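Colleague: With the hints as constraints, model all of the structure from the sequences given.
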Amino acid sequence: MSRQEQPVDVVLVGLGWTNAIMGMELAQEGLNVLALERGEDRDTVPDFAYPKMADELTYGVRYKLMVKPAKSTITVRHSLAETAVPYRHLGSFLPGDGVGGAGTHWNGHTWRPMPEELRLRSYVEQTFGKNIIPKDMTIQDYGVSYEELEPHFDFFDKVLGVSGKAGNINGKIQEGGNPFEGPRSHEYPLPPLKRTLNDTMFSDAAKAQGLHPFPLPSSNASEAYTNPYGMQLGPCNFCGFCERYGCINYSKASPQTAILGALKQHKNFAYRTGCEVIKVNLSDDKKTATGVTYIDAKGEEVFQPAKLVVVGTFAYNNVRLLLLSGIGQPYDPLSNTGTVGRNYAYQMMGGATLFFKDKQFNPFIGAGSNATTVDDFAINQIDFAKEGFIGGSYLLAAQTNGQPIHSLPLPPGTPTWGADWKKAAKDYYGHAMSISSHGSNMSYRDCYLSLDPNYKDDHGLPLLRLTFDWKENDLRMTQFMKQKVAALAKGLNPDFLKVSFKDIGTHYDVRPYQTTHNVGGAIMGTDPKTSVLNRYQQSWDVHNVFVLGSSSFPQNLQYNPTMLVGALAYWSAKAIREQYLKHPGPLVQA
Amino acid sequence: MDSNHTDDSRRRFMKGAMWVISASALGSGVMLSANASTAPELSQYKPVFFNDAEWHFVLAACDRLIPADDNGPGALQANVPLFIDRQLQGDFGQAKDWYMKGPFLEAPAELGYQSPLTPAQTYQKGIAATDTYCQKTFGKVFADLSAEQQDALLTQLQSGQVTLTEVSAKQFFDFLLQNTKEGYFADPIHGGNKNMAAWKMIGFPGARASYLEWVDLHNVPYPMGPVSINGDRG
Ligand SMILES: Cc1cc2nc3c(=O)[nH]c(=O)nc-3n(C[C@H](O)[C@H](O)[C@H](O)COP(=O)(O)OP(=O)(O)OC[C@H]3O[C@@H](n4cnc5c(N)ncnc54)[C@H](O)[C@@H]3O)c2cc1C
Ligand code: SF4
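Going line by line, the protein sequences match chains F and R. According to UniProt numbering, the first sequence is numbered sequentially starting from 1. According to UniProt numbering, the second sequence is numbered sequentially starting from 1.
Quick caveat, the hints were computed from the structure, so don't treat them as lab data. One or more of the hints may lead you astray.
Claimed, not checked - Derived list of chain R stretches under chain F, where covered just means 3 residues or more per stretch with a C-beta under 8 Å from a C-beta of chain F:
(1) 120 to 134
(2) 184 to 192
Unchecked claim - Listed next, the in silico EDC-like pairs over lysine to aspartate or glutamate satisfying Cα-Cα at most 20 Å (straight line):
(3) Lys-68/F to Asp-91/R
(4) Lys-96/R to Asp-457/F
(5) Lys-423/F to Asp-69/R
(6) Lys-165/F to Asp-216/R
(7) Lys-471/F to Glu-110/R
(8) Lys-200/R to Asp-427/F
(9) Lys-426/F to Asp-70/R
(10) Lys-423/F to Asp-63/R
(11) Lys-423/F to Asp-70/R
(12) Lys-423/F to Asp-151/R
(13) Lys-71/F to Glu-40/F
(14) Lys-456/F to Glu-106/R
(15) Lys-359/F to Asp-216/R
(16) Lys-52/F to Asp-91/R
(17) Lys-426/F to Asp-63/R
(18) Lys-101/R to Asp-457/F
(19) Lys-200/R to Asp-457/F
As the list claims (entries may be wrong) - Anything over 10 Å on all C-beta distances counts as not near chain R; from chain F, calculated:
(20) Pro-151
(21) Ala-208
(22) Phe-384
(23) Ala-385
(24) Ala-487
(25) Leu-492
(26) Ser-500
Every value quoted in this text rests on a predicted model; they were computed, and no experiment measured them. Ideal Cβ placement from N, Cα and C applies to all residues, glycine included.
Modeller: Right, here's the structure in full:
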């Protein structure tokens, strides 16, 4: 028998961006809100204080702030015919752990999706015809439109204090911004960050080729700022220890710096750390949740009764919790039935490194999202029928850190050790810049999440299994971007050039870091046969369970996910506040 | 991660420092000592993880992976073996954060680390097997080979051309190279990068972490030398 805690109105599972938002919204509503976070408590002081944060080995290489695979990991295989093996140490993606989640050690690239991406299947079918969609590609519409989300994008921009330059305000194209973006109701709250040498060079090269460069929208504050919750950000000092680190300086928007400080002032909000939720408990008819079961720091099992359960444990963790709880029908790719686990997708990246003997970039002068970018090859700019793929990328020149253990690019042909390696390190540190592409990834019938039959966690519960590989469509997309990046790179006339894009036939590799933009598996939509959640991120099956995060995405954006993740959390919160609390039940009739 | 070692070395450091001054450059509350060099001499260091034979191997291998010359410090001058000895005693060596439950299956390389061995065990088995191989082939252990022979052997380990008993030669080499570079470039608080000499060689300012006034000074070399987490100046 597990110990039982006092009932609450709302239990939030996980305390990253999504549940910080939901916590604030529902605490404002006067509800009794409790967050359960599996990791430890964390705040700027003392956890991110200078100088201990400036330690590349501990945080950048040994991943002190990230999840420990010993405690929580997944298994991976490339195809249905293989046996999956564990993701034993971190590489490809670096999920968060502890209060603030991955939002403490993200970069702060803050993109809205394109309107077309939220209704991708409809857009492709209407514009190019049904036939161009490959047979097993399972892309879908989100069931919510850009226009419906715009007020939430706008508000989240203000919560984050995004530094940037708008390209489209209420349909009017703005000089210096992204002319291809969806219309926004307001300019960014802060002006762009100062520019480093690499991105001014990229900007010139892009303009020379008729492209439209603009500063990357950034949640690294360019000036002192107070957000709508009264939380204060200080100007980013380009410390160069941003991604993988907590901000020493109250400059990077994180759940702590942007929301939690204000949320903790609400007496009807509380949180407990070291509490790993292992199950959402259901009533006998399985139509409602009665609360959650967690294992506390002492290893004791606890039942926490609640009227409303909001799951915000990061993309694939959400899927595992649904599967462990028996919410919804698990997806089966063979029969193409069930939904939970369906449509997992990732992100398609590529890049070029340019070496200039006579240029000094001072690469340690970096901020997480200090970059110039172009969106001329975005989803709404490419003729998919002509090019033979569906998707798109933004291209960027970023300078985020010069930490020499994990980012010391050297010219092609340099040996990996010995006197010549050392000489190259001496000669070329600080003389390289990069141009990368950050692109979409479509969803497919056989790329999905399920419980693993062989491997278990410390509680004896099955790990989640990922079945995923790159598909030709997405590899063709990245090969298209390779041409564009190579053209820009050559325009800058470097002494040496290294170009690295995935070739057709490349398999997914868990070893090098790519992005932590894992999506899908508990997707939102309009039809319970092909989605786990309705358009308000409410479970079709259990109406008092809402599931937040990029697990809702039916395929990946060409962008970083957090702006959409946050806006969707506000969208769900509004539906809960204005509709659900008055009439608890399904917000959409199946 | 390895917090014990970090704390230990900080305590040792604080004891060893003759005097401290407050440094506004590092922000309030941070104490800084002027050039207090507390890094031990490698020749005086008594390894804790490695036994004598293993220590000889590691000294010799690190010396080839990053040799000393006019361009900058070698791995031995930078105390890299000392760093590795500490890492292998700590969380990294013991794979404390890694998922190490079985079954351990063969899988394509792209699916990542699938060995039942911790890094510490990989070193122990890798060194023993390499020395056995060298004895058989050259009649000497690795540390006693010529520099050219050592380079050739390291190259073969890296490419997996030699097969070692009980351990993957390539995995062993990969750890060795990764840890050597880590010890070369990590903050001296972890025991390597003695006197921040590797940072000085490439021009990395270490833990300064504050550059707002330098962002738009383009194509100008940054003028200040490195500082470390302990407050040493390079
Ligand atoms: C290195 C890195 C760089 C990134 N850069 C960017 C970027 O530039 N732009 C961008 O848009 N996005 C970026 N991201 C992604 C971004 O961080 C995520 O989109 C965002 O943090 C997701 O928020 P979330 O609330 O869904 O999940 P998280 O932030 O992961 O929070 C989930 C929380 O739930 C907790 N939890 C998990 N399971 C349980 C359980 N069973 N019980 C209790 N608690 C649990 C976790 O410990 C965690 O704290 C980056 C991510 C990483 C790791
Ligand atoms: S680069 Fe700026 S936002 Fe990032 S951690 Fe440093 S000070 Fe904070």
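Colleague: If a hint holds in the structure, say so; if it does not, say that too.
Modeller: Hint check results:
Counting residues of the stretch 120 to 134 of chain R whose CB lies closer than 8 Å to any CB of chain F gives 0, so the stated coverage by that chain is violated, three being the minimum. Taking a C-beta to C-beta cut-off of 8 Å, the stretch 184 to 192 of chain R contributes 5 residues in contact with chain F, enough for the three needed, and the coverage statement holds. Between Lys-68/F and Asp-91/R, the direct Cα distance comes to roughly 12 Å. Compliance with the 20 Å bound is thereby established for this hinted pair. With a C-alpha separation of about 15 Å, the suggested pair Lys-96/R and Asp-457/F falls inside the 20 Å cut-off, and the hint holds.
With a C-alpha separation of about 9 Å, the suggested pair Lys-423/F and Asp-69/R falls inside the 20 Å cut-off, and the hint holds. Distance check on the hinted pair: Lys-165/F and Asp-216/R sit about 18 Å apart at the alpha-carbon level, within 20 Å; holds. Of the supplied pair hints, the one linking Lys-471/F and Glu-110/R holds, its CA atoms being roughly 16 Å apart against a limit of 20 Å. As the CA atoms of Lys-200/R and Asp-427/F are separated by approximately 12 Å, the hinted pair is consistent with the 20 Å bound.
Between Lys-426/F and Asp-70/R, the direct Cα distance comes to roughly 11 Å. Compliance with the 20 Å bound is thereby established for this hinted pair. Annotation: proposed proximity of Lys-423/F to Asp-63/R holds, straight-line Cα distance about 15 Å (limit 20 Å). For the hint pairing Lys-423/F with Asp-70/R, the CA-to-CA distance comes to about 9 Å; that is within 20 Å, so the pair holds. Restraint check: the Cα-Cα separation between Lys-423/F and Asp-151/R comes to about 17 Å, which is no more than 20 Å; the hinted pair holds.
For the hint linking Lys-71/F to Glu-40/F, the alpha-carbon distance of about 13 Å falls within 20 Å, and the restraint holds. For the proposed pair Lys-456/F and Glu-106/R, the alpha carbon gap of about 18 Å is at most 20 Å, so the pair holds. Of the pairs offered as hints, the one joining Lys-359/F and Asp-216/R holds, with about 14 Å between alpha carbons and a cut-off of 20 Å not exceeded. Annotation: proposed proximity of Lys-52/F to Asp-91/R holds, straight-line Cα distance about 18 Å (limit 20 Å).
Only pairs whose Cα atoms come within 20 Å are accepted, and Lys-426/F paired with Asp-63/R is accepted, the gap being roughly 18 Å. With a C-alpha separation of about 9 Å, the suggested pair Lys-101/R and Asp-457/F falls inside the 20 Å cut-off, and the hint holds. For a cut-off of 20 Å, the pair hint linking Lys-200/R to Asp-457/F is broken: about 45 Å separates their Cα positions. Even its closest Cβ contact with chain R, about 33 Å, leaves Pro-151/F beyond 10 Å, as expected for a residue assigned away from the interface.
Every CB of chain R is more than 10 Å from the CB of Ala-208/F (nearest about 18 Å), matching its label as outside the interface. Interface exclusion of Phe-384/F from chain R stands, the closest Cβ pair being 28 Å apart, more than 10 Å. Residue-level check passed: Ala-385/F sits 32 Å from the nearest beta carbon of chain R, beyond 10 Å. The Cβ of Ala-487/F sits about 24 Å from the closest Cβ of chain R, beyond the 10 Å cut-off, so the non-interface label holds.
No Cβ of chain R comes within 10 Å of the Cβ of Leu-492/F; the nearest lies about 14 Å off, and the non-interface call holds. No Cβ of chain R approaches the Cβ of Ser-500/F within 10 Å, the least distance being about 16 Å, so the stated non-interface status holds.
Hint violations for this structure: numbers 1 and 19, all remaining hints satisfied.
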